[in-house]
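Visitor: Sequence:
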Amino acid sequence: MDKKMMSVLGLLSINMVLAQKDSINQKIIEEVVITGQYNPQSINKSIYKVEVINEQQIKNMAATNVAEVLNQSLNILITPDTKSGNSTANILGLDGNYVKILIDNIPVVGDTGLGSNIDLTKLSLNNIERIEVVQGSMGVEYGNGALAGVINIITKKSASQKVSLRASVQEESVRDGYSWRKRGKGRHIQNLNIGYNLNNNLYLSLSFNHNDFMGYEGSKMGYKYFERDNNRGYDWNPKNQYDINALLKYSKGNTSLFYKISYLNEKFNFYNPVVERDPLNDGEGGVTYTSKDREYNTERWINQFNIQTKLGNIHYLGDFSYQNQDRQYRDYIYDIPQRSIRTKDKSLSYYDTKVFYSRGMFSNFLNSNRFDFQLGYELDHTNGYAALIALEGLGNNIIKRKIFTYANFISAEWNVNDKLTLRPGARLSLSDRFENQFNYSLSARYKTSENSNIRGVFGSANRYPTYEELFMYFVNTNHDVQGNPDLDPEKGFSVGMFWDQNFSTTGNWKIAYSLNALYMDVKDRIELVTIKLPSTFKYLNINAYKSLLFSANVDFRKDQFVFRLKASVNGISREMIDLAQTSPTDFKYNLQAGASATYSLKKFQTQFALYYKYSGEEQRYVSNGTGYDLGKMGDFHMMDFIVTQPLWKNQFDLSVGVKNIFDVTSVSNTAVNSVGHEISTGVSNLFYGRSYIARLTYQF
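Residues 177 to 876 in my numbering are what the sequence shown lists, from first letter to last.
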């Protein structure tokens with residue numbers, strides 16, 4: 177048997193043995209979700225299939241940002257870019273441009289727009305209540321970019337105590353290195369949360385988070401290295417983040433208001449592998465060695481105002497948000513032997529996005545439990561520019577844009593009887609740049625018993641082209657890569673069937689399982705294709721994409737023991753057209769499997785948490801210039817083990833553990849096209865290897 181699989185079974189067995197030795201009763205409270213709902217709804221009654229990752233699960237993982245949490249979910253692959261420092265979510269084989277990222281139902285601003293292609297490492301878990309994930313097209317509810325799914329991050333907005341405080345310090349090694357100060361030697365996280373109930377109606381909270389990742393050298397030799405062999409720098413460059421959040425909430429009767437402001441500052445250092453030999457002109461033949469390094473600084477402000485109230489019988493929910501993200505860079509010449517900066521350029525912005533966003537929904541017009549409908553609007557005014565200087569040779573080609581989109585949507589929820597609920601919906605989106613977009617949906621939930629539901633969901637969505645796809649211009653003696661201002665939005669739909677059931681056994685075991693099937697089809701897919709040999713490329717609406725997913729999971733609970741198993745098979749068909757060549761369109765299938773186990777000892781309240789995920793080999797066709805080859809991305813195993821011990825009347829928690837037990841760093845990858853300015857290396861850096869963690873938390 178594979179040694180990694182033996183390790184998995186061994187650690188799972190330890191948890192199961194502990195469960196047989198000691199147990200106490202555990203009360204299970206049904207979770208509430210808001211994604212795609214008229215009003216907060218129990219997960220069992222939700223019209224959509226919603227995956228919930230709650231606060232306790234997040235705590236057990238000892239995760240520090242949203243990317244780390246979602247890495248444990250099946251059919252979600254976090255794809256990091258070690259050059260930019262960004263990590264985005266890939267769902268059903270589609271990248272971050274097809275996944276809508278929300279915080280409290282509001283799309284998050286990113287480098288290139290609103291809600292899509294968001295760096296998940298910029299979203300800390302400080303003050304997070306839960307994360308809700310819906311896979312499939314959600315264009316009626318969430319508009320542009322919600323093709324592959326929606327990830328909704330729900331923050332805390334209340335506390336039971338008059339005053340609440342939580343502070344924690346977390347230290348992590350980075351593979352085989354750890355130091356408080358040295359680059360490439362560890363990760364250091366501190367956070368603080370303060371909540372205060374001013375009276376029965378007013379609640380105030382403040383939170384602060386600092387995450388300092390000192391980089392990982394990997395196959396490189398660090399920033400002090402000055403041999404001229406392109407081995408200087410880091411596989412994972414250093415990144416330092418600060419984020420601050422403040423919230424004020426007022427609630428009385430049927431009215432609830434809150435205002436939230438968030439600020440993020442991120443500094444990302446890129447150490448150039450290219451080293452230059454510079455004469456000192458000292459008359460003695462002296463030389464030094466320099467490199468042109470770059471410092472990236474990102475600032476993001478999010479202002480959000482939310483109102484929930486009743487206008488007579490009508491429920492009104494309104495969100496208003498102003499957001500800004502400015503990503504700047506500064507080049508400097510670093511004298512490596514002298515450890516000093518010789519010259520430094522001024523800071524310049526190359527991504528600057530300002531967004532005003534509003535979303536409003538009216539429901540409960542008929543004040544009936546049998547039938548209800550909802551009217552809504554959404555508007556997005558985005559103003560900004562992209563200089564695209566991240567691509568060498570572009571200089572200061574600044575692309576300015578101002579895009580306004582407005583949408584109206586309507587849906588109705590009909591409880592046909594005590595068992596069957598139907599919800600049809602439609603959305604019309606208007607844009608000053610693109611043609612009108614029409615999306616539609618039909619969802620149904622059938623209650624087969626008190627503990628069983630079958631859901632059927634059909635929905636469509638569109639995706640507007642990005643900056644690069646519309647305006648990229650990268651032309652020199654070796655390359656000709658151009659955007660296309662005449663691109664049309666992509667269009668797609670998904671249809672899914674989901675069956676959930678839970679029951680209890682005579683031995684006090686609580687068992688829940690689900691079977692799921694989801695099909696997705698994307699038309700007019702935008703791809704960078706060869707239009708002229710040898711190196712002329714252009715973005716065109718030319719390709720098609722289909723995804724077919726089958727998944728199942730089962731949960732076992734008894735007293736303080738929880739054991740979960742999950743598995744999925746995802747098939748992907750891509751039609752790609754390159755010059756006169758068309759790729760094969762047969763489905764290529766990928767297997768994923770996962771397991772988790774948590775257990776608490778009664779006497780000492782020690783919490784054990786184990787998480788495992790297997791990602792099977794992926795295959796896809798890639799262009800070789802004259803045809804298509806079958807590329808492959810290798811499989812890998814991930815496992816984390818965390819132990820948490822309450823101390824001193826439960827006011828302190830000490831967590832220790834190991835992440836990435838199997839020491840995964842990179843996987844072979846020949847499934848990436850070498851087009852334009854990018855050259856495929858045949859390897860994808862996914863993780864920086866095994867790390868050991870320790871976290872101390874104080875709360876009252």
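Mixed in with the good hints, there may be bad ones.
What the hints assert, rightly or not - Here are the computed lysine-lysine pairs in the PhoX-like style, where the Cα-Cα straight-line distance is at most 25 angstroms:
| no. | residue 1 | residue 2 |
| --- | --- | --- |
| 1 | K779 | K686 |
| 2 | K338 | K400 |
| 3 | K400 | K595 |
| 4 | K221 | K333 |
| 5 | K338 | K235 |
| 6 | K578 | K530 |
| 7 | K734 | K808 |
| 8 | K686 | K259 |
| 9 | K714 | K259 |
| 10 | K235 | K714 |
| 11 | K259 | K361 |
| 12 | K428 | K361 |
| 13 | K235 | K686 |
Unchecked claim - Derived Cβ-Cβ restraints for the label pairs, each shown as a range:
| no. | residue 1 | residue 2 | range |
| --- | --- | --- | --- |
| 14 | L433 | D811 | 31 to 41 angstroms |
| 15 | D257 | R515 | 23 to 33 angstroms |
| 16 | T761 | D811 | 17 to 27 angstroms |
| 17 | E626 | L767 | 50 to 60 angstroms |
| 18 | A422 | N612 | 38 to 48 angstroms |
| 19 | Q232 | D811 | 27 to 37 angstroms |
Bear in mind the hints are in silico, worked out from the structure with no lab data behind them. Here the structure is a predicted model, which is why all the values come from computation and not from measurement. Built from N, CA and C at the ideal position, the CB exists for glycine as well.
Visitor: For every hint, state whether the structure bears it out.
Guide: Each hint tested on the structure:
1. For the hint pairing K779 with K686, the CA-to-CA distance comes to about 23 angstroms; that is within 25 angstroms, so the pair holds.
2. This hinted pair does not check out: K338 and K400 have alpha carbons roughly 52 angstroms apart, beyond 25 angstroms.
3. Among the hinted pairs, K400 with K595 is inconsistent with the structure: their alpha-carbon atoms are about 68 angstroms apart, more than 25 angstroms.
4. Between K221 and K333 the alpha-carbon distance is near 23 angstroms, which keeps this suggested pair within the 25 angstroms criterion.
5. The straight-line distance between the Cα atoms of K338 and K235 is roughly 23 angstroms, inside the 25 angstroms bound, and the hint therefore holds.
6. In summary, the hint linking K578 to K530 is supported, as the alpha carbons are separated by about 10 angstroms, within the 25 angstroms threshold.
7. Between K734 and K808 the CA atoms are separated by roughly 41 angstroms; this puts the pair beyond 25 angstroms, and the hint is violated.
8. In summary, the hint linking K686 to K259 is not supported, as the alpha carbons are separated by about 46 angstroms, beyond the 25 angstroms threshold.
9. Between K714 and K259 the CA atoms are separated by roughly 23 angstroms; this keeps the pair inside 25 angstroms, and the hint holds.
10. For the proposed pair K235 and K714, the alpha carbon gap of about 46 angstroms is over 25 angstroms, so the pair is violated.
11. With a CA separation close to 19 angstroms, the supplied pair K259 and K361 stays within the 25 angstroms bound.
12. Among the hinted pairs, K428 with K361 is inconsistent with the structure: their alpha-carbon atoms are about 50 angstroms apart, more than 25 angstroms.
13. Of the pairs offered as hints, the one joining K235 and K686 holds, with about 23 angstroms between alpha carbons and a cut-off of 25 angstroms not exceeded.
14. For L433 and D811, the hinted distance range of 31 to 41 angstroms is not satisfied, since their beta carbons lie about 50 angstroms from each other.
15. For D257 and R515, the Cβ-Cβ distance of about 28 angstroms falls inside the hinted range of 23 to 33 angstroms, so the restraint holds.
16. Between T761 and D811, the C-beta spacing of about 24 angstroms keeps the proposed range 17 to 27 angstroms intact.
17. E626 and L767 have their C-beta atoms about 34 angstroms apart, which leaves the hinted 50 to 60 angstroms range violated.
18. Against the hinted window of 38 to 48 angstroms, the Cβ-Cβ separation of A422 and N612 comes to about 39 angstroms, which satisfies the hint.
19. For the hinted restraint 27 to 37 angstroms between Q232 and D811, the CB-CB distance of approximately 30 angstroms keeps it satisfied.
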